[in-house]
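Trainee: Chains as they are written, first to last, in this note's numbering: chain A, 1 to 338; chain B, 1001 to 1159; chain C, 2001 to 2145.
No incorrect hints appear here.
Distance condition first, Cα-Cα at most 25 Å in a straight line; then the derived SDA-like pairs of lysine to any residue: (1) Lys1021/B <-> Ser195/A; (2) Lys1026/B <-> Asp191/A; (3) Lys1015/B <-> Glu244/A; (4) Lys1021/B <-> Pro271/A; (5) Lys144/A <-> Phe93/A; (6) Lys2144/C <-> Val1070/B.
Pair by pair, the computed Cβ-Cβ distance ranges are: (7) Ala1142/B <-> Arg2087/C: 23 to 33 Å; (8) Gln87/A <-> Gly1139/B: 32 to 42 Å; (9) Val1145/B <-> Met2113/C: 38 to 48 Å; (10) Val1099/B <-> Lys300/A: 48 to 58 Å; (11) Ala125/A <-> Val1030/B: 52 to 62 Å; (12) Val175/A <-> Arg1027/B: 48 to 58 Å; (13) Arg2087/C <-> Pro158/A: 48 to 58 Å; (14) Ile1149/B <-> Lys2133/C: 42 to 52 Å; (15) Phe1034/B <-> Arg293/A: 41 to 51 Å; (16) Asp196/A <-> Arg1116/B: 25 to 35 Å; (17) Glu320/A <-> Phe1057/B: 50 to 60 Å.
Rather than coming from a laboratory, the hints here were simulated on the basis of the structure.
For every residue, glycine included, the Cβ atom is placed at its ideal position computed from N, Cα and C.
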Amino acid sequence: MLQGHQTWEFENKPVILSTGTVGGPFEAGGKLADDFDLLHDDLWLGQDSYEKAQKVLVEESVSRAIEKAQLRNEDIQFMFAGDLINQITPSSFAGRTLAIPYFGLFGACSTSMEGLALASFIINAKGAERIIAAASSHNAATEKQFRYPTEYGGQKPPTAQWTVTASGAALVSTVGNGPVVTSATIGKVIDMGLSDPFNMGGAMAPAAADTIVSHFRDRDLPADYYDLVATGDLGKVGLPIAKELIEEKGLKLPEDTFQDCGLMIYREGQPVLAGGSGAGCSASVTYGHLLNRMKKGELKRILIVATGALLSPMSFQQKETIPCIAHAVSFEAGGGLQ
Amino acid sequence: MSSSKGKNVTPAQQKYQMLQKKHELKRPVVKNCFRAFLVGGFICLIGQGLHVFYYTFFDFTQRTAGDPTVATLIFISVLLTGFGVYDRIAQFAGGGTAVPVTGFANSVASAAIEHRTEGYVLGVGGNIFKLAGSVIVFGTVAAFVIALIKTILIQWGGL
Amino acid sequence: MKGFIIGMVVLCLLAGCQNLTGATPDVKPMQLQENAIINQDQADEAKKIVLSMEEVVEIKGVSDNDDNIYLAPRVKHFDRFRLKEIRKTGFNSVKKRYPDATVFLSTDQKIFMELEKLEKELKNRTISEQRLKKELKKLEDMMKG
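If we strip away everything but chain A, and leave its shape as in the complex, we get (with noise of 0.2 Å):
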């Protein structure tokens, strides 16, 4: 169980039986449209808000999880779920319809692995037998939020990220065959004093270092070990500093295994500055793309480290600086029980 300060070790190897990921219309154009399980050609999903887009998003993914698994929603017995919404409305009104026991979890763009986390942790501890995983974001909500309204013609950065449209589900258990969740770590707070909603990689490169080098040691683990450490948008500024900070503590990844969910995502040519963002980015390219290859034999272990800034609109108006997290979560091909 506990391994190290703030690691933990799943003995009993909890698998993740099926997922379900769906994208929006900007997602579609992107380099990992293929791996999504659903994907919409436009960005209300037939709402009449984006905020119930963001709901309905949240719905079907849990619910293409639960489907493919071939189980019904009462077969589960938690849902732990998360966004970047006030009060995580959308996935409140998801767990509403769902009709799943509900935890709403809030990390910012960490949600994915700390829904993960916990999820993995009770399975295997035998809290539940099944339990999903969600994170969702949707861009013009966020926007909305976060930011200027949509179509205000503000200028961005090049340091800006663009919140991914987009939901992951993922659907641990006691049983089955899949990719097992070996370990996952739980990081700390941490603000180097940057104030600038508009660098968010910059913001969180140095939490994402901490959480990752926690890792190797508390599981005292090789730099080789993973085939794949994925940062959860960092984007381009965010994942070299990273990089720098970790060589710095004495760890030195091979190269071209750590990259970032943020900059997989899209496509060269899509307007998003420095990459994606948002809770759903790593939740689907995690649960899409990642696991996809994962199973096709490409990647055997792998590490996702996602980041979250934790602001809100009022704390940077207020000139807060923007306090960070990352929780990390390995991933093992084939294991468990086949």
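Here the structure of chain A is known, so what remains is to put chains B and C in place on it, guided by the hints.
Mentor: Coordinates of chains B and C only, in the frame set by chain A:
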């Protein structure tokens, strides 16, 4: 501001901020200025064209043709905002689209569109001046102060 | 492609500046004299006076039988910053020559165009005194408005 900031920063934060600065993608200021100049100038050219059009073909003088010109520009700007094109032009042009009257129209229209889902009274009515509000407030305050100064100078300074 | 765009911009800038540096030759004002039904002596004389000003490049003007003179000079581009002053000097010099006349002087492009039209019609004798009066009344309102 910077001095109060300096007090609260720990050495570790300071060191990190230096590192962060090194990696931060800089705003391409010269390129942005150039683009803003071109696009802003182009908008003004359209404005001038409309102006000439209005006093040549309608009963406006050069002076009064300004009103329909501004109205037309605002209308075009609001239309482009509604079609979701304006923010893309703005990302390219920066200040070029923000400074002319079109930028003001865009800030009002975009806020109205954004908050339509919260209803017409509390949503649209309450939020329409979310961005433009401060322009109006400080414009009025500045006008008031200037008027006050002028009045005082004329009354007692005998200008 | 980039070089092409920069080239175009430089070209545009150069072309744009050309008109400003080269001096425009003064255009002779149209002298209507006996051609018109309504006596234009006052207008013809006033046009000469105003055109003699350094800043004015072109002028249109019409007068009627009630001692009203309507004038619309076109001012050099860079002197447009001093439009108010130019209007005043122009007005005063015409007033000095015709102290009894009512002088209307406007630098508005619209008035210039309208007066040009009237001048032509007067020359071609296609306008009646009544209609001229009406048109001039309209211009007077425009200048005030």
